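There are 2 protein chains.
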Amino acid sequence: MSVSPSNGAAGVVLPGHRLELGEEAPLHLDCGVDLAPVTIAYQTYGRLNADKSNAILICHALTGDQYVAERHPITGKPGWWEEMVGPGRVLDTDRYFLICANVLGGCMGTTGPADLNPATGKAWCLSFPVITIGDMVRAQLRLVDHLGIDQLFCVIGGSMGGMQVLDWAVRYPHRVFTAVPIATAARHSAQNIAFAEVGRQAIIADPGWCGGDYPLHDTKPHRGLAVARMAAHITYLSEAALHRKFGRNLQGRELTYGFDADFQVESYLRHQGSTFVERFDANSYLYITRAMDYFDLAADHGGVLANAFRGSKVRFCVISFSSDWLFPTPESRAVVHALNAVAANVSFVEVASDKGHDAFLLDEPEFHATLSGFLDGAAEHRGLPRGDGR
Amino acid sequence: MSVSPSNGAAGVVLPGHRLELGEEAPLHLDCGVDLAPVTIAYQTYGRLNADKSNAILICHALTGDQYVAERHPITGKPGWWEEMVGPGRVLDTDRYFLICANVLGGCMGTTGPADLNPATGKAWCLSFPVITIGDMVRAQLRLVDHLGIDQLFCVIGGSMGGMQVLDWAVRYPHRVFTAVPIATAARHSAQNIAFAEVGRQAIIADPGWCGGDYPLHDTKPHRGLAVARMAAHITYLSEAALHRKFGRNLQGRELTYGFDADFQVESYLRHQGSTFVERFDANSYLYITRAMDYFDLAADHGGVLANAFRGSKVRFCVISFSSDWLFPTPESRAVVHALNAVAANVSFVEVASDKGHDAFLLDEPEFHATLSGFLDGAAEHRGLPRGDGR
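Same order as they appear, the protein sequences are chains A and B. Quick note on numbering: the working numbering labels position 58 of the first sequence as 58, and the sequence is numbered without any gaps. Quick note on numbering: the working numbering labels position 272 of the second sequence as 272, and the sequence is numbered without any gaps.
Derived by calculation from the structure, the hints in this document are not laboratory data. None of these values were measured; they are calculated from a predicted model. Worth double-checking, as some hints may not be accurate.
[Said to hold, decoys possible] Here are the simulated DMTMM-like pairs of lysine to aspartate or glutamate, each with C-alpha atoms no more than 20 Å apart in a straight line:
id	chain 1	residue 1	chain 2	residue 2
1	A	K245	B	D376
2	B	K313	B	D376
3	A	K52	A	D376
4	B	K245	A	D296
5	A	K245	A	D354
6	B	K245	B	E364
[Said to hold, decoys possible] Output of the computed footprint for chain B on chain A, the stretches with three or more beta carbons under 8 Å from beta carbons of chain B:
id	region
7	66-74
8	159-169
9	245-253
10	286-299
[Stated by the list, open to error] Here are a few chain B residues that sit away from chain A, every Cβ distance over 12 Å (derived from the structure):
id	residue
11	Y45
12	A50
13	I74
14	P78
15	I131
16	I149
17	A196
18	I204
19	G208
20	T235
21	D293
22	R333
23	G377
24	R386
Glycine included, every Cβ here is placed at the ideal spot set by N, Cα and C.
Using the sequences and the hints, build the whole thing.
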């Protein structure tokens, strides 16, 4: 039923699985809209075991996608969690069945604002309903149902992926054995909303955005989207990481007394901006950042975060990074305090790292060891055999 | 000799003093250009005493100007350091003679890219030479010479103003009795360059910028400049300040499921952006941020910051704020370490504040008390009588 099942933002054919939700089974959204049809684009790695007890749902971050551990169809780069996923790796494909779906509102195959609205035959653009983290999770549940999985062994993700993890654990606690929210928070802070708003305004300020209707005008707000990405990218790194990586190193031998990229850090940021626009849709960026802004678990539970977790049997492993200033450790600690307040099963590790928020995407041995230990222990509890590769 | 002595970015007549440097006395710039004519627009408060020993030069920050303690001619708002300046205040106008000049490259009367290039009869735009913090200080020296002041009792400023303070103390140590660099650094860090570059790219991405030639095309890159200001403004506040001020408070009673400013912090940021463009020139923003990027005191002294201060008799009071993440305390500490390494006269205070970088502009009692104590002590050493108001 999907109108554009295999075309991404860049018009490239996107490989992988599709689940189509038809008119007969619309997705009920928080804004009140019943959305149909809906396509959910997803990838899997490893094999689902006979009793379907070894499934791990990976939730991707703002600009991530379902190509977790394979060459990206647009950029040609390795998957964003290639370090983590594979035979004998932390997310061991010999042991677990891994699922990752492009989020609702995204631009890599799952229904989003760049897709055609079947009612009009034109791209949704800003008539696409504003979605929430809860809506993304509802779409993922439909996929998990479709795959016949009664309980996920684990739901795991960093940043916005971690918001989905928390939402899963609260919304569908019986469907989740373990939850691993990484570098995340139970709500978007004022500073995070502020940074998201700067990104949105950079896009909206671009005349190529055309009030959101650029898909109808054969233009793209590439310059605004690139600025949004540049601003966001700074927040993903720590000052120490930027200093170590670039310091005040020059591109050439001396200052040019001009506005070209004299400093390596400028060149790097410009590159981040210009490559991003080739693979991402500007309206998706608006919708997905908005979903993050709206996320506030406590607000949905009488303003008391602990109430969200009351009675939960989910085993949590909460992980933060010491130099992450976008989702700093106190945000994770607030989640842990709430879990402790209802005597939930939770372990918490603040990984010492100077790599900033992006540490969850990088080869950070303490992080991998923490996660590995937690998953091994949980797998034993769940009675999952070790992978063939071990 | 200035071609536009009294018109600011907004075309408003700007009150105050002007020093005109003619063709016969050009300003030699770091980039190699001899710039002439040059106008220096400045304000003064209080009276210069008979032996000209009570002058304090105030150096303004990136988007500040010479209207330190009076109604701003464009915005109509109080001066940016009104809290600090006046009879009986920390910068006591009964005791001191205060001077503040709009920086070279600025847009409030001092020569900058929006002014006419006398050689062409057109606005300089991007043909204006790229200037440095040192160039700004050289221009200020000409003003101090013009006023017949042999030694400034104090040079003081926050943020980019603090860079000028450090540059003064290093470049002209005999002309400075005390130096007070506040919330600043001896070099722009990689993260700071990155944020500056995002601002510049937001401006450059605006088609209204016209390759920098907008003054010739009757357009203005208002949207890009507003985005630049919004991004920068976040860096001026702390996460705690944003949380205390706005948290996740809504504008209306509930979420609108749209892209209007649902959250108060969004509305606040948009306001910051839209009011800024009324008073500031986009090309000036490019030039001044570039001057900050280029600032690196150690680089000019063999890579060893201490060498910059060797033999200095200047009395330093270095002040930082605990929640300032744009110019964090370690940057001030590096300056203090360098001063200590050459046995310079320095006191250092990290003021406990949750107000972020902007704390230097705000009513922060510990900051005011620190400054007051230091200036009183120094004035005693210098033999300055107390002000009439005390």
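- Violated constraints from the hint list, given by number and in increasing order: Numbers 1, 7, 8, 15, 17, 18, 19, 20, 21 - these are the hints that the structure violates, sorted from lowest upward.
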